[in-house]
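With these hints in hand, go ahead and build the complete structure from the sequences.
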Amino acid sequence: MRWLLALPFLFAAASVLQVAVLRFVDPPFSAFMVARQLEAWGAGEASFRVAYDWRDLRDISANLPVAMVAAEDQNFASHRGFDFKAIEKARINNAKGRRVRGASTVSQQVAKNLFLWQGRSWVRKGVEAWYTLLIELMWPKTRILEVYANIAEFGDGIYGAQAASRSYWRKDASRLSPAESARLAAVLPAPRRYSVARPGPFVQRRANWIQRQARQIGGSGYLQALD
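Numbering-wise (UniProt numbering), the sequence shown opens with residue 1 and increments by one.
Be a bit skeptical, because a hint or two may be false.
Stated by the list, open to error - Derived CB-CB ranges, DEER-like: (1) Leu4 with Pro199: 48 to 54 Å; (2) Gln216 with Gly44: 44 to 50 Å; (3) Asp56 with Arg192: 24 to 30 Å; (4) Trp41 with Met1: 57 to 63 Å; (5) Glu45 with Arg205: 29 to 35 Å; (6) Phe9 with Arg124: 16 to 22 Å.
Just so you know, the hints here were simulated from the structure itself, not pulled from any lab data. Backbone N, C-alpha and C fix where the C-beta goes; we use that ideal spot for every residue, glycine too.
Structure below.
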């Protein structure tokens with residue numbers, strides 16, 4: 001019984017240490033990467049390998065992190081992990097019977113992709129919220145963006161800016177153009193459903209909208225004003 005009572009405190013201590021270390025140490029993999037690799041092996045795809053190649057933020061074109069913010073979390077610079085205005089807007093939108101939409105921030109996406117399992121449950125949402133709070137408390141905004149640009153999935157088994165840039169355009173992430181960055185950000189709602197290589201009408205429209213939004217939030221100068 002004592003061990004059971006101690007489990008929440010052990011988890012809290014371990015997660016704090018985990019997030020503190022990853023403030024300075026680049027993650028060698030994410031929970032989602034491990035899950036995808038195991039899924040492939042379980043399906044008999046013995047040759048499947050996750051594509052992942054870490055790059056520091058300074059070695060990634062500023063176009064990509066700015067496009068990701070423009071696409072998913074334009075209040076990233078001002079909130080502390082949770083965008084309550086976006087949450088309320090999503091609640092109202094869903095209550096009216098429109099297409100269900102979420103309000104996850106970049107920080108929540110980092111917490112989910114880096115530490116958690118796939119699926120939906122209240123337990124998972126609670127753990128995600130806890131990690132989101134830790135990330136916002138212990139990491140600067142530029143580190144959050146740096147990690148997200150490296151662990152986000154841009155296609156089946158393709159994780160991060162460098163792997164995506166090499167896979168789709170055979171060049172380094174430092175050379176991604178605004179249009180290419182917007183196309184990568186456009187598939188983030190469902191990177192296995194939408195294609196970067198063969199963008200359909202939805203991805204094309206969304207990529208064009210993301211480019212406009214990226215310019216409105218300041219373009220590459222947005223990163224310089226973050227921290």
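Checked hints:
Between Leu4 and Pro199 the beta carbon distance is about 51 Å. The supplied range of 48 to 54 Å therefore holds. In this structure, Gln216 and Gly44 meet the distance hint of 44 to 50 Å, their C-beta atoms being roughly 47 Å apart. Here the CB-CB span from Asp56 to Arg192 is close to 27 Å, well matched to the stated 24 to 30 Å. For the pair Trp41 and Met1, the supplied restraint of 57 to 63 Å is violated, since their beta-carbon distance comes to about 38 Å.
Remark: the range hint 29 to 35 Å for Glu45 to Arg205 is upheld by a beta-carbon distance near 33 Å. Under the hint 16 to 22 Å, the C-beta atoms of Phe9 and Arg124, about 20 Å apart, fit the expected range.
In the structure shown, a violation is registered for the earlier hint numbered 4 alone.
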